[in-house]
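Quick mapping for you: the protein sequence lines, in order, are chains A and L.
All residue numbers for the first sequence refer to the UniProt record's numbering, where the first residue is 1 and numbers rise by one.
All residue numbers for the second sequence refer to the UniProt record's numbering, where the first residue is 1 and numbers rise by one.
Calculated from the structure, these hints are not laboratory results.
Check before you lean on any hint, since a few could be wrong.
[Said to hold, decoys possible] Derived, one-sided and incomplete: chain L residues facing chain A with beta-carbon distance under 7 Å:
#1 8
#2 19
#3 85
#4 93
#5 113
#6 171
#7 174
Treat the numbers as computed from the prediction; the structure is a model and nothing was measured.
Backbone N, C-alpha and C define an ideal beta-carbon position, used for all residues, glycine too.
There are 2 protein chains.
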Amino acid sequence: MSEWNLKETLLDKEDVFDGTLLHVERWRAQLPNGAIATREMIRHVGASAIVPVDGEGNVYLVRQYRAPIARETLELPAGKLDSKAEDRLQAAKRELEEETGLRAKEWVKLADMAAAAAYTDEIVSIYLARGLEKGEAHLDDDEFLRVVKMPLRELCDMAASGKIQDSKTLCGSLLAERYIGGEHAIEPENCQ
Amino acid sequence: MSEWNLKETLLDKEDVFDGTLLHVERWRAQLPNGAIATREMIRHVGASAIVPVDGEGNVYLVRQYRAPIARETLELPAGKLDSKAEDRLQAAKRELEEETGLRAKEWVKLADMAAAAAYTDEIVSIYLARGLEKGEAHLDDDEFLRVVKMPLRELCDMAASGKIQDSKTLCGSLLAERYIGGEHAIEPENCQ
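Extracted from the complex, chain A is given alone in its bound form (with noise of 0.2 Å):
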């Protein structure tokens, strides 16, 4: 698609911090006029979110404290690959159950979403998950959270006026209010 090559060449890499959660690599790139730049990024694993929408049209979040940001947030259900080889599809399966103590049966990709591609490989996958039942919830040890229902068209109009803050959360409701919205717009006796 580039008539202009934008790509940055890597020359060599370093680990410069390797934390308990966090991860930092520092490299030294060539920039496409020739200059080298150096990039800082965090390697993560990944991630999957899930957007579970009943078939009265609610939506499924949990609720939670944000220590970065300090304060409560209202986000999809998600949570980190065991592993980079993991399939995100199972670990949305997996993260939906622990959180919310549901299970889907019909699942649809969303979207991969790269959560700050300025300094992060973190990829998260975003499902819409229909045809909900009941499953069984089990919390990790330093899981705190609160599952909250609400139509999805109610989160959407709070995504519209700044009361989500959370990307995942944002992108994954207008995405799945959108989808839904498109399979009701092919029957034209929707629109009055």
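Dock chain L against chain A, hints included.
Same frame as chain A, but now just chain L:
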């Protein structure tokens, strides 16, 4: 809004990595059950992003290379704040003109998006900009990007079919479409 206390209490924090671009803090926090947990997080100055839409419904985007995900992306014009204290709307105006050579007469805040609330405090303020007029592009020395113009509707269709990865671009395009659609929806003749 909470019946339960989900909040973590910060006990102490230290700088554990101070790089050229990334700054990592390690926090010790007390969980709601009294247990102590470690939190590592990226401190980020924050950013502003713009959905610039012209009178014909076209949006202006930038194509650039993102080393962490090793690919070119199509993104909203955006940039970091100069400091935590910088006015976010002023930063949006500066970045729009620097990256696209456009100025705008009408600005609407669409969202304050937490890019990755699990491990960074980065908030991206996303603005809809209309009433576009020509200004002067002037990129930073290490910025390589190409401006792309397309119908906002086409960008949203790309978002809905997995062709957009960047989180702020997914959020901003869908919020702008919903916002503009909402304005149009008050004109019933648009529904056919």
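List, from low to high, the hint numbers that the structure doesn't satisfy. 3 and 4
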